[in-house]
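*Asks:* Make a model of the complete structure from these sequences and hints.
Protein chains in written order, with numbering that gives the first Met the number 0: chain A, 0 to 351; chain B, 0 to 351; chain C, 0 to 351; chain D, 0 to 351; chain E, 0 to 351.
Since the hints were derived computationally from the structure, they do not count as laboratory data. Incorrect hints may appear among the rest.
No copy is singled out in the list; a pair is fine if it fits within one copy or between any two copies.
To be verified - Subject to a maximum C-alpha distance of 25 Å in a straight line, what follows is the list of computed DSS-like cross-link-like pairs (lysine-lysine):
(1) 246 with 99
(2) 205 with 217
(3) 349 with 246
(4) 349 with 205
(5) 205 with 348
(6) 346 with 205
(7) 245 with 158
(8) 245 with 99
(9) 245 with 163
(10) 163 with 55
(11) 246 with 133
(12) 246 with 163
(13) 99 with 346
(14) 346 with 163
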Amino acid sequence: MKTLPKRSKKPGLAPGTLVYTGHGRVEPAQISVFSYSETAFDEIENASIDALHAVKESQLNYWINVSGIHDVALVEAVGTEMGFHHLVMEDIVHPQQRPKLESYEHHLYMVAKMMYLDASGNAVSEQVSIVLGKNYVISFQERPGDVFEPVRERLRTGKGLMRKMGSDYMAYALLDLIVDHYFVVLEEVGTQLEQFEDDVMGHPSKETMGQIREQKKKLITYRREMWPLRELLSGLLRDDSGLIRKKTHNYLRDVYDHAVQVIDLLETYRDLLSGLTDLYLSSLSFRMNEVMQVLTIIGSIFIPITFLAGVYGMNFQNMPELQWEYGYYAAWGLMALTALGMMWFFKRKKWL
Amino acid sequence: MKTLPKRSKKPGLAPGTLVYTGHGRVEPAQISVFSYSETAFDEIENASIDALHAVKESQLNYWINVSGIHDVALVEAVGTEMGFHHLVMEDIVHPQQRPKLESYEHHLYMVAKMMYLDASGNAVSEQVSIVLGKNYVISFQERPGDVFEPVRERLRTGKGLMRKMGSDYMAYALLDLIVDHYFVVLEEVGTQLEQFEDDVMGHPSKETMGQIREQKKKLITYRREMWPLRELLSGLLRDDSGLIRKKTHNYLRDVYDHAVQVIDLLETYRDLLSGLTDLYLSSLSFRMNEVMQVLTIIGSIFIPITFLAGVYGMNFQNMPELQWEYGYYAAWGLMALTALGMMWFFKRKKWL
Amino acid sequence: MKTLPKRSKKPGLAPGTLVYTGHGRVEPAQISVFSYSETAFDEIENASIDALHAVKESQLNYWINVSGIHDVALVEAVGTEMGFHHLVMEDIVHPQQRPKLESYEHHLYMVAKMMYLDASGNAVSEQVSIVLGKNYVISFQERPGDVFEPVRERLRTGKGLMRKMGSDYMAYALLDLIVDHYFVVLEEVGTQLEQFEDDVMGHPSKETMGQIREQKKKLITYRREMWPLRELLSGLLRDDSGLIRKKTHNYLRDVYDHAVQVIDLLETYRDLLSGLTDLYLSSLSFRMNEVMQVLTIIGSIFIPITFLAGVYGMNFQNMPELQWEYGYYAAWGLMALTALGMMWFFKRKKWL
Amino acid sequence: MKTLPKRSKKPGLAPGTLVYTGHGRVEPAQISVFSYSETAFDEIENASIDALHAVKESQLNYWINVSGIHDVALVEAVGTEMGFHHLVMEDIVHPQQRPKLESYEHHLYMVAKMMYLDASGNAVSEQVSIVLGKNYVISFQERPGDVFEPVRERLRTGKGLMRKMGSDYMAYALLDLIVDHYFVVLEEVGTQLEQFEDDVMGHPSKETMGQIREQKKKLITYRREMWPLRELLSGLLRDDSGLIRKKTHNYLRDVYDHAVQVIDLLETYRDLLSGLTDLYLSSLSFRMNEVMQVLTIIGSIFIPITFLAGVYGMNFQNMPELQWEYGYYAAWGLMALTALGMMWFFKRKKWL
Amino acid sequence: MKTLPKRSKKPGLAPGTLVYTGHGRVEPAQISVFSYSETAFDEIENASIDALHAVKESQLNYWINVSGIHDVALVEAVGTEMGFHHLVMEDIVHPQQRPKLESYEHHLYMVAKMMYLDASGNAVSEQVSIVLGKNYVISFQERPGDVFEPVRERLRTGKGLMRKMGSDYMAYALLDLIVDHYFVVLEEVGTQLEQFEDDVMGHPSKETMGQIREQKKKLITYRREMWPLRELLSGLLRDDSGLIRKKTHNYLRDVYDHAVQVIDLLETYRDLLSGLTDLYLSSLSFRMNEVMQVLTIIGSIFIPITFLAGVYGMNFQNMPELQWEYGYYAAWGLMALTALGMMWFFKRKKWL
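*Replies:* Shown next as structure tokens:
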């Protein structure tokens with residue numbers, strides 16, 4: 000059950016009170032600022048609010064990446080500097096949001112879930128908030144991570160369109176990375192599915208059933224994240240705030256297509272996982288059939304002849320057969336005949 | 000089945016006849032009046048209809064909370080004073096309504112279900128009617144309870160936006176509390192689910208199955224309450240009566256998001272509960288397999304050798320083996336060989 | 000299967016030929032005429048077509064109730080007098096219609112199914128046709144029955160709004176009665192469900208399964224009646240023929256809400272009934288497990304020791320144990336040990 | 000699987016090449032022409048294309064019925080004479096079309112499936128193409144059959160509206176016959192369902208399961224035919240080609256209602272058939288329970304006492320009980336007690 | 000699991016970098032150019048980019064078929080020559096696209112999946128990209144194949160409308176071939192289904208279950224390809240780019256109908272395959288019943304009489320029956336009676 004998110008905001012808390020409700024506070028919060036134009040590029044690690052203010056004044060495009068949303072004060076400082084509605088700030092620090100797109104006067108606020116495999120190969124989900132303004136993108140996440148590294152790299156090298164296009168293209172690039180990482184996670188799921196299938200067909204065990212259930216729960220979670228993400232993307236395509244330029248539409252349509260593909264895969268995997276339960280049950284049934292067949296065959300052959308042996312073990316004084324010279328061999332013959340008859344019967348039933 | 004609501008209004012009763020159709024009449028009915036502005040605040044416990052009339056005259060915002068809807072006369076008095084349509088009054092005193100939003104000339108009428116855990120940890124559901132007028136909110140419920148206590152507290156202390164915003168914000172605050180309490184109840188459900196899962200995988204019993212079914216019924220009820228509540232909220236967002244101010248929209252959108260999250264969780268839990276039935280069946284099947292395997296193995300090993308023992312217990316006069324000096328040991332050898340053969344067979348089948 | 004309606008109109012019959020296709024012709028057909036205004040009220044039992052014509056001339060509101068639609072001639076006479084399209088007359092006398100709303104130039108034609116419990120507590124369904132004109136309502140049904148009695152009573156006493164409002168309110172009152180009677184029938188279903196559940200958990204029998212299936216069929220029928228009835232009601236709310244006055248809208252909305260509640264309940268019961276099949280299967284599986292466990296335990300304990308007894312029943316001449324003074328007791332000891340070993344094994348497996 | 004249609008048009012065939020792809024070429028193709036007005040009526044059996052041309056010239060309404068669509072040349076001749084698009088002609092001779100409505104400049108083209116019971120009571124499906132022009136209806140089918148006989152009869156006798164209304168009413172009459180014949184076929188299905196139910200509850204056999212599956216396949220086919228037929232009818236109701244007169248609308252609405260009823264029935268039967276699989280499984284489970292109970296009871300009673308008998312069949316020299324005078328009777332007593340104990344145990348478990 | 004597509008584009012790759020992500024590079028890439036008008040026709044095998052440029056200049060209609068999309072450079076050369084957006088070029092070389100229709104300024108870009116049976120009868124799926132411009136169609140695929148051969152043939156012979164109509168008709172012809180090949184593949188599936196059914200009813204084996212699952216996965220894939228293909232076709236019908244002429248609409252509507260038929264078949268097969276799992280389980284259950292019945296009957300007949308034999312094998316000194324002259328025969332009689340009693344019992348239960 001640990002894969003199911005819980006929402007633990009105390010009911011009745013006045014809106015407007017910033018409280019972090021996530022769990023893992025791994026590293027100190029930190030702001031990175033990237034300002035860029037087609038020709039210029041500047042990167043400030045560990046920027047202060049003042050540095051941020053300075054960048055805002057310059058007319059360059061800029062991307063601010065805040066990692067460590069547990070640092071509520073920092074988030075509030077950034078939000079105040081950039082003029083966010085306090086509900087936006089609340090949503091940023093509550094990592095149990097549903098992916099969504101909200102339109103405010105001067106910016107678009109997006110929440111998405113970022114999936115990636117951690118060092119030990121487990122799928123980890125993290126909330127990313129992206130605020131898209133006229134010439135800036137501000138992203139918030141908990142762990143610094145390196146999911147966005149390719150974007151940083153492209154900014155630094157100036158390759159591709161990264162520095163040539165506006166901040167809407169930057170938001171697209173981040174969303175593209177988020178969606179593409181789902182493919183990586185789903186490939187892992189696909190591999191697991193194949194393993195489960197082999198297990199279920201070969202040696203159905205309780206453990207496999209438990210693992211299948213765990214996987215099913217994970218897929219449910221991914222699904223709850225992807226469907227609204229798809230809505231978010233289609234919302235961006237329909238957006239009329241003027242923040243999304245025409246030229247970026249083709250790119251957004253491309254991410255949207257990828258998101259639909261992810262959902263397709265998710266639904267396919269869900270279907271296949273559900274099918275596994277049936278497969279497990281029929282595999283068990285099949286095995287039970289085998290087990291019972293063995294018992295029935297052995298039972299049906301030996302029970303009647305044991306009875307015959309029992310008969311000639313009776314102690315009646317007057318039992319003529321016992322006196323026959325070849326009585327014993329006749330008894331064996333009778334028992335062999337009975338057993339063969341049974342075997343012929345099972346042969347005909349195709350049980351043997 | 001006790002979780003399923005019943006509607007027992009006698010068919011054929013003329014509309015307009017007020018009859019309370021709920022069950023628990025716990026405490027005497029009571030009116031609390033809270034009048035407030037950004038600077039002023041007044042609270043009247045146990046207010047009379049006259050006090051209510053006085054508050055209405057003052058130009059302040061006010062919130063009237065009526066607890067004890069079994070007191071039909073009181074509800075009628077309040078309703079008449081405030082000018083409610085008699086169908087509204089009927090709906091208030093029939094606690095089997097479906098959550099809904101109805102628009103009347105001077106006010107909006109909303110019905111919702113309030114869920115909370117009572118002292119002994121059981122989920123209790125109660126109908127709340129909220130009437131939102133230009134500068135007032137009137138809420139009706141059966142039990143006084145303290146679900147709305149945080150709002151009272153914020154009114155008293157004047158913290159937050161409570162006293163600064165209009166009555167639409169007050170209605171929002173009540174709805175927010177109602178939705179947030181579902182999370183508390185659902186967290187309880189989540190814990191139960193984990194318990195069920197362990198039970199079903201470990202020691203599937205009839206009791207667990209019964210409890211799962213009870214839980215399923217509860218979730219069905221919650222679902223029947225939440226879907227229309229979500230409609231109610233989206234109705235408020237689309238409302239064009241002028242009673243919902245622009246500024247309050249962001250807040251309502253926030254509750255709406257929470258309602259969607261509750262529904263997401265509900266659907267997830269429903270999925271997981273349904274899966275448990277399959278798990279239970281496969282758990283039983285698995286156990287049956289084990290049971291049968293034990294019987295089959297023991298039967299298959301001992302039935303043939305019991306037959307052999309039976310053979311040498313026969314009383315034929317002419318049975319040469321019986322005279323052999325080491326006949327007895329040879330018989331033991333034969334029986335051991337047979338048993339070992341069977342065990343080898345089961346080993347190969349991976350049943351041992 | 001008797002709960003499934005059949006449609007037996009001979010294919011190829013020219014439209015326009017009136018033939019009654021129902022089954023139960025219980026009582027002679029009969030027309031009751033109620034004419035009323037706020038101050039006046041007149042009731043004619045067993046009215047003739049002439050009386051009907053007279054009432055039509057008076058400018059009063061009137062309600063004509065025709066019971067006994069098997070009397071095709073009578074229906075045709077009434078229909079001709081009131082100027083019905085011949086397709087309407089056909090639909091009235093074919094009691095296998097789907098609930099629907101049809102708009103004609105001077106009136107609205109509605110078909111609904113009326114459910115009630117008969118004297119012996121069985122749910123009975125009957126087709127009711129309601130024609131709503133400017134100042135009249137004409138209802139057709141087969142059995143006189145007393146479902147509409149409360150309306151008659153309210154007309155007679157003049158209580159409530161019955162005589163103050165127009166014929167649209169009269170149509171509403173009839174529909175309200177029809178919808179409300181579903182609650183009565185569903186309450187019965189609820190009680191049955193509880194009984195089934197107890198049966199299935201306690202002593203799953205074939206009979207219960209058959210009854211569950213019968214109940215399922217009934218719910219399917221109710222559903223096929225309620226969904227179109229809901230459409231009918233929402234059609235009335237959207238109607239633009241001018242026959243439905245503004246003031247009646249709130250009342251119709253109320254019936255509509257009740258219809259939605261009935262559908263909610265129906266879907267809930269359907270869900271619960273479907274769940275019962277799973278419960279039945281798992282109950283059987285559980286019982287089978289118990290049965291097999293008993294056999295396995297007894298078999299596994301006694302089969303090995305019976306073998307031991309068999310061994311010492313062999314007649315070999317040279318069997319040293321047989322000569323031992325305490326051989327017999329040693330054999331008992333060995334057998335007891337074996338049995339205890341088996342019991343310990345089962346104890347560890349938690350089967351005992 | 001024979002109930003599933005196959006489409007065997009060779010891929011890559013140029014559109015415009017007429018090739019018949021059906022199977023049964025039973026009788027020579029034939030054209031019947033019926034020309035009529037309110038006062039006149041003429042019928043030509045085995046008409047030639049010239050006769051057809053003559054009728055076209057007369058200003059009467061006419062209905063041309065072509066049976067034997069395997070005669071591609073004939074269909075092409077008729078089509079060319081009437082000015083059909085070559086895609087229409089192709090569709091007419093490919094009897095694997097999905098029911099559909101297509102609008103061309105001068106006529107509407109409809110494809111439907113006609114179901115009827117053949118002489119031996121089997122449901123037979125056949126494709127009917129209907130072309131509706133300003134004053135003509137042309138229908139194409141394979142077998143002459145007598146499904147449309149009632150229409151011919153009404154034309155001949157001049158009863159009803161047949162000759163008074165236009166060709167749109169004629170098209171309606173044909174569609175009405177097609178839809179009504181589904182009721183006949185479904186009644187047969189209903190009877191089968193009852194039979195299956197009795198079989199499954201009474202003596203679940205493999206054959207029943209196979210028959211249920213066959214029936215399921217048939218229902219799938221009917222469904223694939225009815226849903227698009229309903230669309231066709233609703234398309235006719237929305238049609239704005241001017242070929243459907245206002246007066247005919249009420250009649251088309253009537254057929255549409257019947258089509259919806261057929262679909263309702265189909266869905267109901269599908270539901271019930273699906274339920275039968277569960278019923279079958281639970282019936283088998285129930286029977287297995289019974290079987291195992293018998294084995295368990297007999298096994299549990301006799302295995303222990305057989306063991307006791309075995310004990311006293313041992314040949315130890317020193318077995319004091321054997322010497323007791325009433326030892327034999329004591330042994331019987333012990334065995335009886337054991338058996339009774341077991342029976343008491345089963346009684347308590349309600350297995351006896 | 001091999002039937003599930005994987006998407007292995009490395010996340011973070013800058014859009015605009017062309018990398019082939021398919022697997023099978025079978026043959027060298029190759030361009031064929033077909034230029035045609037009603038009177039002229041020219042075919043260039045192994046055309047160069049220059050040849051392509053020349054054709055572009057001529058005012059003829061032309062079709063360029065590029066096989067071997069692994070040759071990224073070639074695709075880029077063609078794309079640049081024709082002025083494609085670089086996202087189009089990317090999609091062409093990534094063979095994991097979802098079928099879709101995209102509208103660009105001068106052309107429509109379509110992606111579809113082509114299914115065909117390869118030499119060994121296995122269904123093979125391949126991505127086809129079709130770009131439709133004013134007077135040209137350019138198609139991209141991996142393997143040269145001969146699915147499009149009929150179109151080439153019709154171009155060469157000049158039969159049919161191929162050369163008379165514009166490039167939109169050419170695009171239609173290609174799509175028609177693609178859709179029609181699905182029927183061929185589905186016919187194969189139908190045949191398999193019949194085989195499975197026989198296997199499952201006759202001798203349910205684990206292998207069949209595995210094959211059914213494989214088939215189910217294939218159908219899921221086909222479905223994921225067909226639904227978007229249907230959308231593509233309906234998109235073409237609604238297209239307002241001016242590239243689809245009015246005259247071609249009837250033809251596109253025809254392919255659309257075929258696509259709907261394919262989907263109908265797919266859903267039917269899915270239904271039938273799902274049903275097979277139930278059939279398999281019930282077939283196993285039925286067989287288990289048979290197996291257990293045999294064991295129960297044999298056990299119930301022989302266990303009691305073996306007990307009787309055991310009783311008379313006891314060694315009590317005082318056992319009067321043993322001395323009776325006809326004791327032995329009496330014992331046989333008793334045992335026969337017991338066995339017959341049991342058989343009568345089973346006969347009555349209809350187990351024999």
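*Asks:* Could you run down the list of hints and mark each one as holding or not?
*Replies:* Status of the hints after comparison with the structure:
For the homomeric pair residue 246 and residue 99, the shortest alpha-carbon distances inside one copy (23 Å) and between copies (20 Å) are both at most 25 Å. Only within a single protomer do residue 205 and residue 217 lie at most 25 Å apart by alpha-carbon distance; the minimum there is 19 Å, versus 28 Å between protomers. For the homomeric pair residue 349 and residue 246, neither the shortest alpha-carbon distance inside one copy (70 Å) nor that between copies (64 Å) is at most 25 Å. For the identical chains of this complex, residue 349 and residue 205 are inter-copy neighbours only, at 16 Å across copies versus 31 Å inside a copy, given an alpha-carbon limit of 25 Å.
Taking the shortest alpha-carbon separations for residue 205 and residue 348, only the inter-copy value of 15 Å comes in at or below 25 Å, while the best intra-copy value is 32 Å. Taking CA atoms no more than 25 Å apart as the test, residue 346 paired with residue 205 passes between copies only; the shortest distance there is 20 Å, against 34 Å inside one copy. Proximity of residue 245 and residue 158 under a CA criterion of 25 Å is satisfied intra-copy only: 22 Å inside one chain copy versus 45 Å between copies. Proximity of residue 245 and residue 99 under a CA criterion of 25 Å is satisfied in both settings, with 22 Å inside one chain copy and 20 Å between copies.
With identical chains, the CA atoms of residue 245 and residue 163 are at most 25 Å apart within one copy only, with a shortest distance of 15 Å there and 38 Å across copies. Taking the shortest Cα distances, residue 163 and residue 55 sit within 25 Å of each other inside one copy (19 Å), while across copies they are farther apart (33 Å). Within a single copy, residue 246 and residue 133 get their C-alpha atoms as close as 15 Å, and across copies as close as 23 Å, so both meet the 25 Å cut-off. For the homomeric pair residue 246 and residue 163, the shortest alpha-carbon distance inside one copy (12 Å) is at most 25 Å, but the shortest distance between copies (38 Å) is not.
With identical chains, the CA atoms of residue 99 and residue 346 are never at most 25 Å apart, being 65 Å at best within one copy and 55 Å at best between copies. In this homomeric assembly, residue 346 and residue 163 never come within 25 Å of each other (Cα to Cα): the closest approach is 79 Å inside a single copy and 69 Å across copies.
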